[in-house]
Amino acid sequence: MKRSKLILPLMAFICAIGMSFTTAQYSQEEHDYVDLGNGSWFEIDEVDCGEGSEECRVQIGEDGPIYQVYDEQDNTTSKQGDSDEPIVIDPS
Amino acid sequence: MNQMKYKYQGKLNGTTINFFKLGIALYLILLFAYTGFSKLIDTNALFTTLRNAPLFFTEHTADILSWLIPLGEIGIAGAIIFEDFRKIGLLSSVILLSLFTAYTLWIVFISPYEPCTCGGILSLLSWKQHLLLNTISLVLATTGLYFEKNKKL
Numbered sequence: 001m002k003r004s005k006l007i008l009p010l011m012a013f014i015c016a017i018g019m020s021f022t023t024a025q026y027s028q029e030e031h032d033y034v035d036l037g038n039g040s041w042f043e044i045d046e047v048d049c050g051e052g053s054e055e056c057r058v059q060i061g062e063d064g065p066i067y068q069v070y071d072e073q074d075n076t077t078s079k080q081g082d083s084d085e086p087i088v089i090d091p092s
Numbered sequence: 001m002n003q004m005k006y007k008y009q010g011k012l013n014g015t016t017i018n019f020f021k022l023g024i025a026l027y028l029i030l031l032f033a034y035t036g037f038s039k040l041i042d043t044n045a046l047f048t049t050l051r052n053a054p055l056f057f058t059e060h061t062a063d064i065l066s067w068l069i070p071l072g073e074i075g076i077a078g079a080i081i082f083e084d085f086r087k088i089g090l091l092s093s094v095i096l097l098s099l100f101t102a103y104t105l106w107i108v109f110i111s112p113y114e115p116c117t118c119g120g121i122l123s124l125l126s127w128k129q130h131l132l133l134n135t136i137s138l139v140l141a142t143t144g145l146y147f148e149k150n151k152k153l
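If you read the protein sequences in the order shown, they are chains X and C.
In this text, residue positions in the first sequence follow full-length UniProt numbering: the first is 1, and each later residue adds one.
In this text, residue positions in the second sequence follow full-length UniProt numbering: the first is 1, and each later residue adds one.
Next comes chain X alone, as it looks inside the complex:
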């Protein structure tokens, strides 16, 4: 009886580890980042920049600031696209 009381919680723990690995991969694939300066990054939904060698940029809101888009939180992973015209995204 004592053993069965331990098995269910242990199974839940192992199940949670598996779930976290599968969904972590899912969440990493869906985002891009912009550099706000001072080592601060802001996560945005993945931007479709198209194919090309122009710098991919986004504008946060109609009159908002314009930022370069990055694949990772790393300044060497800037995204390129078919136009340097900023893509307007929803600030929320």
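Keep in mind the hints are simulated off the structure, nothing from the lab.
Taking lysine-lysine and the DSS-like style, the derived pairs with C-alpha atoms no more than 30 Å apart in a straight line are:
no., chain 1, residue 1, chain 2, residue 2
1, X, Lys5, C, Lys21
2, C, Lys128, C, Lys21
3, C, Lys149, C, Lys21
4, X, Lys5, C, Lys87
5, C, Lys21, C, Lys87
6, C, Lys149, X, Lys5
7, C, Lys149, C, Lys87
Computed footprint of chain C on chain X, listed as stretches where at least three residues anywhere in the stretch have a Cβ under 8 Å from a Cβ of chain C:
no., segment
8, 11-17
9, 41-48
As the structure is a computational prediction, the values presented were derived from the model and not from experiment.
Even for Gly, the Cβ is constructed at its ideal location relative to N, Cα and C.
Chain C: place on chain X using the hints.
Chain C in isolation, oriented as in the chain X frame:
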């Protein structure tokens, strides 16, 4: 006859309470282990969220917290697994969930802006949905702690 009836009711209540206790323990293990490991796998995302949070964490503090929070959550899940440490685990989860709920309340009603959320698939929730989840989890953890109150630490 009445004595038998009360004895039966007492046994039934005990069984029901044990069922609830196990259910609450399993829910909290899943919640804390899942969110803890999700954050640990991608500490960069948590670091960014903490830096962007309207609490003005320094880079150093955000770096420490991005490791401390997931490790704490995994520790709580680990403590709830074992009956001997369950009371400590439940008490810690009530404290942590109270802090999370207070923070979420502040984000929803007071904060000047809402930073992006974090923690695996839970990042798909809005802040208001997060607040509801935190409140339900806090009520369950408090109920679990109430059931465990007669056990010694």
